[in-house]
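There are 2 protein chains.
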Amino acid sequence: MSGTTAIRASAQRLENAEELIDSVETFIFDCDGVIWKGDSLIDGVPQTLDMLREKGKRLVFVTNNSTKSRKQYGKKFETLGLSVSQEEIFASSFAAAAYLKSVDFPKDKKVYVIGEEGILKELELAGFQYLGGPADGEKKIELKPGFLMEHDESVGAVVVGFDRYLNYYKIQYGTLCIRENPGCLFIATNRDAVTHLTDAQEWAGGGSMVGAIRGSTQKEPLVAGKPSTFMMDYLANEFGILKSQICMVGDRLDTDILFGQNGGCKTLLVLSGVTSLQMLQSPNNLIQPDFYTDRISDMLSLKAASV
Amino acid sequence: MSGTTAIRASAQRLENAEELIDSVETFIFDCDGVIWKGDSLIDGVPQTLDMLREKGKRLVFVTNNSTKSRKQYGKKFETLGLSVSQEEIFASSFAAAAYLKSVDFPKDKKVYVIGEEGILKELELAGFQYLGGPADGEKKIELKPGFLMEHDESVGAVVVGFDRYLNYYKIQYGTLCIRENPGCLFIATNRDAVTHLTDAQEWAGGGSMVGAIRGSTQKEPLVAGKPSTFMMDYLANEFGILKSQICMVGDRLDTDILFGQNGGCKTLLVLSGVTSLQMLQSPNNLIQPDFYTDRISDMLSLKAASV
Numbered sequence: 000m001s002g003t004t005a006i007r008a009s010a011q012r013l014e015n016a017e018e019l020i021d022s023v024e025t026f027i028f029d030c031d032g033v034i035w036k037g038d039s040l041i042d043g044v045p046q047t048l049d050m051l052r053e054k055g056k057r058l059v060f061v062t063n064n065s066t067k068s069r070k071q072y073g074k075k076f077e078t079l080g081l082s083v084s085q086e087e088i089f090a091s092s093f094a095a096a097a098y099l100k101s102v103d104f105p106k107d108k109k110v111y112v113i114g115e116e117g118i119l120k121e122l123e124l125a126g127f128q129y130l131g132g133p134a135d136g137e138k139k140i141e142l143k144p145g146f147l148m149e150h151d152e153s154v155g156a157v158v159v160g161f162d163r164y165l166n167y168y169k170i171q172y173g174t175l176c177i178r179e180n181p182g183c184l185f186i187a188t189n190r191d192a193v194t195h196l197t198d199a200q201e202w203a204g205g206g207s208m209v210g211a212i213r214g215s216t217q218k219e220p221l222v223a224g225k226p227s228t229f230m231m232d233y234l235a236n237e238f239g240i241l242k243s244q245i246c247m248v249g250d251r252l253d254t255d256i257l258f259g260q261n262g263g264c265k266t267l268l269v270l271s272g273v274t275s276l277q278m279l280q281s282p283n284n285l286i287q288p289d290f291y292t293d294r295i296s297d298m299l300s301l302k303a304a305s306v
Numbered sequence: 000m001s002g003t004t005a006i007r008a009s010a011q012r013l014e015n016a017e018e019l020i021d022s023v024e025t026f027i028f029d030c031d032g033v034i035w036k037g038d039s040l041i042d043g044v045p046q047t048l049d050m051l052r053e054k055g056k057r058l059v060f061v062t063n064n065s066t067k068s069r070k071q072y073g074k075k076f077e078t079l080g081l082s083v084s085q086e087e088i089f090a091s092s093f094a095a096a097a098y099l100k101s102v103d104f105p106k107d108k109k110v111y112v113i114g115e116e117g118i119l120k121e122l123e124l125a126g127f128q129y130l131g132g133p134a135d136g137e138k139k140i141e142l143k144p145g146f147l148m149e150h151d152e153s154v155g156a157v158v159v160g161f162d163r164y165l166n167y168y169k170i171q172y173g174t175l176c177i178r179e180n181p182g183c184l185f186i187a188t189n190r191d192a193v194t195h196l197t198d199a200q201e202w203a204g205g206g207s208m209v210g211a212i213r214g215s216t217q218k219e220p221l222v223a224g225k226p227s228t229f230m231m232d233y234l235a236n237e238f239g240i241l242k243s244q245i246c247m248v249g250d251r252l253d254t255d256i257l258f259g260q261n262g263g264c265k266t267l268l269v270l271s272g273v274t275s276l277q278m279l280q281s282p283n284n285l286i287q288p289d290f291y292t293d294r295i296s297d298m299l300s301l302k303a304a305s306v
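As given, the protein sequences belong to chains H and V, one line each in that order.
So the first sequence is numbered by numbering that gives the first Met the number 0: it starts at 0 and just counts up by one.
So the second sequence is numbered by numbering that gives the first Met the number 0: it starts at 0 and just counts up by one.
The set of hints was computed from the structure by calculation and includes no laboratory data.
If you're wondering where the values come from, they're calculated on a predicted model, not measured in any experiment.
Even for Gly, the Cβ is constructed at its ideal location relative to N, Cα and C.
One should not assume that every hint holds.
As the list claims (entries may be wrong) - Derived BS3-like pairs (lysine-lysine); straight-line CA-CA distance at most 25 Å: (1) V:265 x H:138; (2) H:218 x H:100; (3) H:54 x H:218; (4) V:74 x H:143; (5) H:143 x V:265; (6) H:120 x V:143; (7) V:36 x V:218.
As the list claims (entries may be wrong) - A few chain V residues facing chain H, derived, Cβ under 10 Å: (8) 130; (9) 133; (10) 134.
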């Protein structure tokens, strides 16, 4: 579930979109900063997706956001007027459940969740028993001398994602399961430093919740979302596609582009999100996509001449 | 504020306490597992401390517990019938304030605290302005679209210690200060994985709170408590003692003994706390103290013959 990155030659500005489109059969899109920004669709997105579908390309949408399920995420696309099916959406909440399936996590074991509703919904759909999540958001610890927190010994995995209701109860519960239940897995939906709860600023992300559990267990998590290659492997298996036939499109170098590179895919950075041209070209940046362009709708104009 | 550890020869069982006592002028004691366990004094402690004082040894008590100030900690000694002055106590709450003093932290800047009362009291005594701490324990974030959390731009340091009231408000506030205020320091009182809130079990420690902020800032903290050498350097300067003239006594290999070794001191492991003889002698353990013994009162009997 991890990969290595070789230093690549500098990214090229995308000049011949037709060639890129013809060279792959699947486009994986990150959502925030690529498809939308907060609650606004980025210019030209519907037309671009239509064009790619017309050319027979498979479209997949991935997000490290674990607070929503695939279904809930589908509603966001719908609200923005985009026609995307649930099966095309891969949120890290789904990835965590898919990971448990991939390791044949026993159905008689339970999952303790530090995170929000999306994770619970996906675990439920996958047929796993869980506890924790929002239900533990108001729980407090009674610190009388001799007090002991009991924990469920049948918890075989702790899934940690972004949780705006993180508290010490959850930290201790998750820590006890990982430290004391033999073989208990520690799964992170993602380790993003920041997330976009609102458009107005960057907010501490899933990396905080994962960091809290890492700090008390001194264990490294298995990461289900980007930039771990688990989702890429899953997609390749599920759809029977070659990774070299995938183009990963994203706005973040250290998650999206690294995710694509770890998976052996082609990569396209768009400058419509958090990464500026200056950041891409900084000598401190070691992550170079194959191509970069301002926004995905550039694929329309950059192919118009040759159509 | 860090050090390296060479692999040492295996620890020797303490056989000649007289020789050890005569070879140093200061004993630094960890508290929990050495002086007391939870709320009970460990057998023979008062007599041992008296004997060492009679022999003219300086005694210092260090703890990574940051929830209490020196003064509050002094009361714990008093309750247990031990006569220890505030000046002999070095809690990591004090160490954080001492660190800020050592770097001439400007008095017109503020400190944001993720932690409990001990840190606030020590900052106050040191003359620093602070905000956060328990006062932010009940604060919630209102997640309306466009919502922005304002933060104080005069915060020049974030001090993070154990905080049983950790919440997302504090995580985001501390993260904003570190990410957005130029030069803002990130100081950890300690990174202990577990702590002893109650005797009945191990509880997630300061490492969780520090891990949460590390996860969202992707920065490493400056650690004021054990095993960083800051406190040792401070003690050596403050009292004008040579580190080779110090014996560090503790029950934990990866904090106490490493702390002593990082500081160039003699080290004595006691088996009255979390470390068993089996753990010490495990081939996986790379941290070897100079000596080990069951409890500090062994120093009484192991010197009796030669007195």
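Comparing the hints with the structure gives:
| no. | hint | result |
| --- | --- | --- |
| 1 | V:265 x H:138 | violated (45 Å) |
| 2 | H:218 x H:100 | holds (22 Å) |
| 3 | H:54 x H:218 | violated (46 Å) |
| 4 | V:74 x H:143 | holds (19 Å) |
| 5 | H:143 x V:265 | violated (37 Å) |
| 6 | H:120 x V:143 | holds (24 Å) |
| 7 | V:36 x V:218 | violated (34 Å) |
| 8 | 130 | violated (18 Å) |
| 9 | 133 | violated (13 Å) |
| 10 | 134 | violated (17 Å) |
Figure legend: structure checked against the earlier numbered hints; hints not met, in rising order: 1, 3, 5, 7, 8, 9 and 10.
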